[in-house]
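Turn these sequences into a full structure, and let the hints guide you.
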Amino acid sequence: MPMKYALFLGCVIPVKYPGFEKATREVLKALDVELVDLPFSCCPAPTQMKLVHFDSWLALAARNLCLAEEAGVNLLSICNGCVNTLKEANLALKNDPQRRNRVNEVLKEFGHTYQGSIKVKHLLDVLYQDLGLERLGERVVHSLSHVRIGCHYGCHLYRPPRLMYPENLSEAASYVPKSMDHILSLLGAEPVEYSRKFLCCGSALGTNIDQEAANEITREKLSHMRKHHIQAIAVGCPSCFSQFDRGQMMLERKYHDGFNLPTFHISQLIGLAFGLDRNLLGLNDHRISLEPILKQIASGA
Amino acid sequence: MIKSIWELFNQEDLFECYQCARCTGSCPAAMVLDHSYGPRETLLRCLNLGQEAVVNDERIWYCTTCQVCEDRCPQEIHISDLLTAICNLAAQRGNLPEKIKFGVDLVAKTGRTLVISDKVHRDRQKLGLPPLSPLAVDEIEGILKKTGLNEDLDLS
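The listed protein sequences derive, respectively, from chains D and B. Mapping of the first sequence onto this note's numbering: residues 4 to 304, in sequence order. Mapping of the second sequence onto this note's numbering: residues 418 to 573, in sequence order.
These aren't lab readings, by the way, just hints derived from the structure by calculation. Every residue gets a Cβ at the ideal spot worked out from N, C-alpha and C, and that includes glycine. Incorrect hints may have been included.
[Unchecked claim] Derived DSBU-like pairs (lysine-lysine); straight-line CA-CA distance at most 35 Å: (1) D:K200 <-> B:K516; (2) D:K122 <-> B:K518; (3) B:K563 <-> B:K518; (4) D:K32 <-> B:K543; (5) D:K7 <-> B:K420.
[Said to hold, decoys possible] Looking from chain D toward chain B, a few residues come up when the C-beta cut is under 10 Å (computed): (6) G22; (7) K25; (8) R28; (9) L41; (10) Q51; (11) L54; (12) L134; (13) L136; (14) H159; (15) F201.
[Claimed, not checked] Some residues of chain B that are not near chain D, with every Cβ distance over 12 Å (derived): (16) C434; (17) L466; (18) S573.
In structure tokens:
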């Protein structure tokens with residue numbers, strides 16, 4: 004039974020990093036997953052719209068959920084911010100009948116009624132839970148040659164756990180994401196633990212008010228990654244990517260730390276392990292050079 | 418339009434806080450502000466001085482919405498929901514950074530936070546990507562009219 008999802012691209016990836024979109028489409032094609040494109044709007048951002056006008060945030064999120072419901076498919080997101088908004092809105096509407104009725108009052112004029120019939124997933128959820136490591140493993144043709152990778156899950160993917168992963172909470176109501184580490188091990192890379200692994204990248208601070216302050220947070224992360232001899236960073240979000248890539252470039256100009264830590268979106272690393280053509284993975288848009296890592300991967304060390 | 422942060426956050430939950438400061442210790446905003454500001458104090462000010470003591474502070478926008486505060490709170494207080502409530506009211510009152518104003522206005526007018534230029538279309542074509550679905554901007558405008566976005570906020 005082929006798996007089918009509505010691909011939720013968000014605002015940033017299709018415009019700033021279309022390579023991640025291409026890599027995602029190619030990877031999922033290789034895994035026989037069908038994708039549907041729907042006229043989604045901005046999710047809207049948990050870091051902007053939700054902070055300034057909760058009702059508008061919920062109504063627009065609900066509309067996006069309705070589009071997927073009307074197509075009868077679950078949502079697949081490749082951005083942490085989007086998955087956070089859509090998962091939280093989905094739960095809020097399912098669990099709060101008053102809120103749901105108010106939102107449906109707003110939407111009915113436009114032909115939408117929220118039903119609560121679909122699920123929202125991040126690419127990592129689809130790969131790790133829906134497809135499973137075995138199915139992924141079948142497509143791996145090229146090992147990632149023990150590249151030491153620091154996974155940066157980001158915040159919006161899994162916090163707060165009671166909303167993002169309610170079925171996977173520990174007894175102490177906690178959740179520690181492992182999907183990216185396990186997937187990367189499968190692909191032949193070496194995921195490395197590091198201090199402050201779960202610290203925010205700071206991106207929202209930059210987008211909203213103070214880019215330099217945001218970069219200070221990113222610098223803290225980069226320092227710890229270097230201490231643990233990490234060679235590359237893996238992320239599942241374009242905002243986190245921007246901090247570690249463009250942000251690192253800005254930090255280099257200011258501090259000359261010489262981190263030289265390139266960042267990949269997880270779809271790009273999977274694409275490399277699947278042996279996909281470099282030109283299909285958006286590998287030319289990175290500010291911090293990927294060449295040393297790509298060389299190591301190609302050499303099959 | 419909200420008149421008080423208590424419409425979006427349950428005031429009684431604040432009584433659970435025993436000021437352990439685990440939230441501030443984990444907060445990236447507090448980190449860059451040298452811990453002169455953080456969730457612990459914000460919560461205490463709300464509790465003891467009321468919402469007016471926090472709603473005009475520009476520093477509330479330093480919150481990255483990382484939710485670590487909420488995740489680590491031993492009393493399971495939904496601290497990030499408190500910040501959301503404060504920011505919502507603050508925005509209504511005009512305490513709203515320019516960058517956010519611009520971003521939200523762009524969503525209201527185009528349905529997206531980034532503009533789609535011709536270059537974007539060309540770059541996508543080069544990669545063999547499908548063209549972006551045209552957005553029902555009228556629908557989005559209509560929805561936001563009903564939720565009162567431009568009534569409650571000055572996005573000019």
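Results of checking the hints against the structure:
The straight-line distance between the Cα atoms of K200 (chain D) and K516 (chain B) is roughly 28 Å, inside the 35 Å bound, and the hint therefore holds. A hinted pair counts as satisfied when its Cα atoms are at most 35 Å apart, and K122 (chain D) with K518 (chain B) qualifies at roughly 31 Å. At roughly 19 Å between alpha-carbon atoms, K563 (chain B) and K518 (chain B) fall within 35 Å of each other, so this suggested pair holds. For the hint linking K32 (chain D) to K543 (chain B), the alpha-carbon distance of about 19 Å falls within 35 Å, and the restraint holds.
Only pairs whose Cα atoms come within 35 Å are accepted, and K7 (chain D) paired with K420 (chain B) is rejected, the gap being roughly 44 Å. This hint holds: G22 (chain D) has a C-beta 7 Å from the nearest C-beta of chain B, less than the 10 Å allowed. Checking K25 (chain D) against chain B: minimum C-beta separation of about 5 Å stays under 10 Å; hint holds. At a threshold of 10 Å, the smallest CB-CB gap from R28 (chain D) to chain B is about 8 Å, leaving the interface hint in force.
Interface restraint check: L41 (chain D) against chain B, minimum CB-CB distance 7 Å, threshold 10 Å, status holds. The criterion of a C-beta within 10 Å of any C-beta in chain B is met by Q51 (chain D), whose closest approach is roughly 5 Å, and the hint holds. Hint status for L54 (chain D) relative to chain B: holds, with the closest Cβ pair at about 4 Å, below 10 Å. Hint status for L134 (chain D): violated, given a least beta-carbon distance of 23 Å to chain B, over 10 Å.
A cut of 10 Å between beta carbons decides the hint on L136 (chain D): the least distance to chain B is about 27 Å, and the hint is violated. The closest approach between the C-beta of H159 (chain D) and any C-beta of chain B is roughly 7 Å, which is under the 10 Å cut-off, so the hint is satisfied. The beta carbon of F201 (chain D) is positioned within 10 Å of a beta carbon in chain B (closest approach about 7 Å), and the interface hint is therefore held. C434 (chain B), annotated as away from the interface, keeps every beta carbon of chain D farther than 12 Å; the closest lies near 17 Å.
With a closest Cβ-Cβ approach of about 22 Å to chain D, L466 (chain B) is found to remain outside the 12 Å limit, as its non-interface label requires. Look at S573 (chain B): its CB is around 14 Å from the nearest CB on chain D, clear of 12 Å, so calling it non-interface holds up.
In the structure shown, a violation is registered for the earlier hints numbered 5, 12 and 13, in ascending order.
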